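From just these sequences and the hints, can you work out the full model?
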Amino acid sequence: MKKTAIFLCILAFLLVSCAEKTVDLPMPADLFVAIEASVELSEMVDVSEDFLESNLGVLPADYRGAVYYIVSIGASCEEIIIIRAADEAKAEEIEEKLAARLAYVEKSANN
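Under my numbering, think of the first position of the sequence shown as 180, with each following residue one higher.
Derived from the structure by calculation, the hints contain no laboratory data.
Since we're looking at a predicted model, the values are computed, not measured.
Check each hint, because a few of them may be wrong.
Said to hold, decoys possible - Derived DEER-like restraints, expressed as beta-carbon distance ranges: (1) Asp229 / Glu275: 19 to 25 Å; (2) Glu232 / Lys286: 18 to 24 Å; (3) Ser287 / Asp203: 34 to 40 Å.
Beta carbons are placed, not taken as given, at the ideal position from N, Cα and C, and that holds for glycine.
Given below as structure tokens:
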């Protein structure tokens, strides 16, 4: 359930960031700081540079800012991914990739 809530937050961020109305949204790193302040995340490490492309297929040209955190110990599949897409087309592509990643993580967790 926690993973689903995180995915929905990410999805909402992607959708809002590409709305036609101009909105001054915080960068993903700033959003993560706000999440970290309200939830215990001491076991998580940033793997953005290593895993955005390999796990999601999201290239640096696809986004203007991103964070990707995973649990550093144990075999947990908990992840926090926040991406600000470069444009609306990239947001749609990233949304599909995030949905595929969530399906993969859920399937892995159930096996």
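Here's how the hints hold up against the structure:
1. Asp229 / Glu275: 19 to 25 Å: Holds, at about 21 Å.
2. Glu232 / Lys286: 18 to 24 Å: About 21 Å separates the Cβ atoms of Glu232 and Lys286, which means 18 to 24 Å holds.
3. Ser287 / Asp203: 34 to 40 Å: 37 Å, holds
In this structure, none of the earlier numbered hints is contradicted; all agree with it.
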